[in-house]
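The lines below spell out each chain.
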Amino acid sequence: MSSEINELRDSARQVMDGSGLAAAENESWALLGELGWLMVSVPEEAGGLGMGLEAACALQIEMGRGLATAPYLSALMSIEAVSASGAASELLENLMAGADYVAASLADNAVQCSASGDGVTLSATLCAVPSADKASHILVSSDEVLALVPADSVTLTATATWDTTRRLFEVELEGVDVPASGVLARGADAEAIAAKLAVLRDFSLAADAAGGAAALLDVTVEYLQTRRQFGRPLALFQALKHRCADLKAQVVAAEALLLDNLGRLGGGNDALLAQAARELACTVYTGVGEESLQLHGGIGMTSEHVCHLFLKRAMLDEHLGAPVDSYPQALAAALLEASA
Amino acid sequence: MTQAQSTDTLRQEIRHWLADNVPSGWREAMTNVEQEAFAQAQRDWFRKLVDAGYATPHWPEGWHGGGRSLAEQKVIFEEVARADAPRLIMFFVSLYHAACTLFECGTQEQQDKYLPGIIEGQVWCQGFSEPNAGSDLASLKTRAERKGDRYVINGQKVWSTMAQYADRCLLLVRTDKSGPPQAGQTYLLLDMKAKGITVRPIHQITGDDEFSEVFFDDVEVPVEDRVGEEGNGWAVAQATLASERGLTLVELGQRMRYSLPMITAAMREAGREDDASLRHELGKLSARVDATCALADRYLMRRISGEEQVGDASIVKLYFAETLREFTRLGKRVAGLSGQYDRGFMRGATQETGNWMVDFMNSYNWSIAGGSNEIQRNIIAERMLGMPREPKTWKLEG
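First to last, the sequence lines map onto chains A and B.
Numbering follows numbering that gives the first Met the number 0, with no gaps: position 4 of the first sequence is 3.
Numbering follows numbering that gives the first Met the number 0, with no gaps: position 209 of the second sequence is 208.
Since the hints were derived computationally from the structure, they do not count as laboratory data.
The beta carbon of each residue, even a glycine, is placed where N, CA and C say it ideally should be.
Here are some, though not all, of the chain B residues that point toward chain A, as calculated from beta-carbon distances under 7 Å:
| hint | residue |
| --- | --- |
| 1 | L259 |
| 2 | R278 |
| 3 | H279 |
| 4 | L281 |
| 5 | G282 |
| 6 | K283 |
| 7 | S285 |
| 8 | A286 |
| 9 | Y318 |
| 10 | L384 |
Required output: the full structure, derived from the provided sequences and hints.
Here's what the structure looks like:
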């Protein structure tokens with residue numbers, strides 16, 4: 000990771016520490032725009048900072064640490080889609096400034112698309128669309144079509160999750176007519192952009208998980224240092240120390256794979272690199288979540304302690320993106336294919 | 000030429016060289032053979048690799064094959080692993096532990112005296128562990144008494160790999176019993192042909208006998224073969240142990256990555272390539288193997304740039320050992336009953352031979368030797384996470 004990105008990450012850490020864990024969505028959203036975090040990976044010629052996906056992930060790691068509530072990933076996906084399709088630069092500018100928000104689904108969805116005049120007619124149920132009630136448009140992405148649908152032409156249903164640091168919606172499109180101006184890409188172009196969005200999504204989920212897992216482990220070790228039983232700190236018991244050491248090794252490994260794979264982008268296997276990073280980091284995050292709850296004992300079962308916030312975010316992260324079991328399956332399929 | 004171009008050139012060069020030189024059928028030839036046949040094959044392969052300049056890329060410039068950049072060293076490891084060439088197990092201690100210790104802590108005279116011998120094929124072994132000093136290495140008791148210009152050694156070492164073939168030994172001994180256990184240790188370079196040494200191979204659970212016990216009965220070592228000051232042996236030993244944690248783990252990570260097709264081959268052989276549960280395990284394992292390589296690479300870069308922190312090496316070793324265990328466990332699972340048939344073992348192929356029960360057993364080399372997983376966990380917990388050390392005192396109750 001370059002020193003430029005390290006600096007970005009350090010400053011993001013300070014910002015996130017300053018606003019505290021799971022800070023209010025409106026405030027954290029305003030920060031995203033002000034600090035330019037929405038434009039880090041947009042190419043310079045399109046008005047962005049041109050720092051690539053590595054920079055977006057560096058920020059996402061810190062947002063994972065801080066349990067950020069703003070819909071950063073969803074916003075980045077829309078910005079990537081608009082930027083990649085070369086659509087109107089005014090829209091892109093507004094999105095990068097945080098003045099406008101287009102919500103994107105963090106799940107894989109089936110989209111029915113038929114031609115209608117110059118435009119298309121779309122039907123779909125999009126799951127896991129963060130903060131959709133704040134969006135002017137919804138991004139619809141499939142292998143056939145990439146389109147922006149006005150928020151007032153869809154039905155939103157809030158789907159409350161155990162993780163309260165994100166607000167997800169189900170978005171229903173029933174034969175919505177989208178004019179040509181709203182269609183960003185079709186056919187092979189749409190498919191290529193959908194693949195790029197999946198890479199962005201999977202890497203970002205890995206980053207959120209890597210950051211969250213590291214932060215939760217810190218919280219847990221600190222608790223074990225403070226809590227005394229049998230006349231000594233729990234951190235003195237080797238049975239607990241060794242579990243923390245194992246978690247530490249896993250957290251460091253997940254981050255190493257994430258950063259290493261980001262550095263390998265562009266070699267023709269981006270999807271696999273993202274899937275491997277996502278698979279390991281989300282597995283580690285849920286593992287740290289489970290162990291941390293146990294290591295906290297009774298206090299971990301109370302809503303006032305932060306432990307459960309991380310645990311629930313870890314569990315949700317694991318189920319965002321493609322179905323959880325599809326990741327190891329994809330990695331295995333690639334290995335079997337390569338050795339066929 | 001840019002760095003990328005120069006590594007690409009090297010990659011092509013070594014790829015061609017390996018295609019022409021890796022002994023064909025070496026795995027079969029090393030299966031169920033006597034140790035002497037293995038030793039001879041190791042000597043032959045050592046000679047070829049050294050002559051081609053590929054065995055000593057980590058040595059400093061000016062030495063045969065040395066002065067390679069880190070990127071070039073990695074290319075060599077990747078290609079050797081990719082070509083499934085034998086590992087230089089018998090020369091591992093000489094090329095890495097002995098050489099790195101001499102470069103880091105040896106005098107010019109010691110370097111001039113011993114390094115050429117290593118290039119010529121001298122075998123070195125390591126004499127650190129003792130029957131009562133394994134994980135607790137600091138408590139070692141083998142005595143060295145200074146008598147004029149010599150040290151006189153009495154005691155016993157154990158788990159010394161390839162000691163039965165060794166010409167010399169990196170020996171850690173006690174010169175002073177007063178003071179804390181780490182103090183009072185001294186590091187010597189011992190001639191294994193000296194009078195009073197008895198080497199007794201240990202028969203292992205795999206059928207192999209790679210390790211030996213070594214007994215010392217009034218063995219004399221000239222004072223000029225001491226590395227560092229008397230009483231400073233512990234610090235020198237740390238340099239020796241560190242040498243296997245950098246590049247070696249990069250190499251072993253690559254070996255594991257290039258051995259993943261052994262599992263897919265075993266799945267096909269068992270007619271289970273479409274088994275979703277095995278695919279699930281394989282996918283999870285492959286992410287862990289990639290992470291092991293990423294960890295080792297990043298660790299090495301931090302070591303070289305001087306950014307290494309206490310505990311970094313422990314994380315790499317622990318994660319490698321655990322991933323290797325999973326790797327061999329999955330292979331064993333895919334092989335099923337046939338994996339339990341004793342078909343002997345292959346010498347010198349590390350932990351990825353496709354003879355899964357043997358591979359599984361050998362994976363314990365990495366979770367026990369060179370600081371067991373438990374020791375690594377202590378280091379990570381205490382020195383990285385800042386968790387307190389256990390009290391030193393211990394009283395038997397009742």
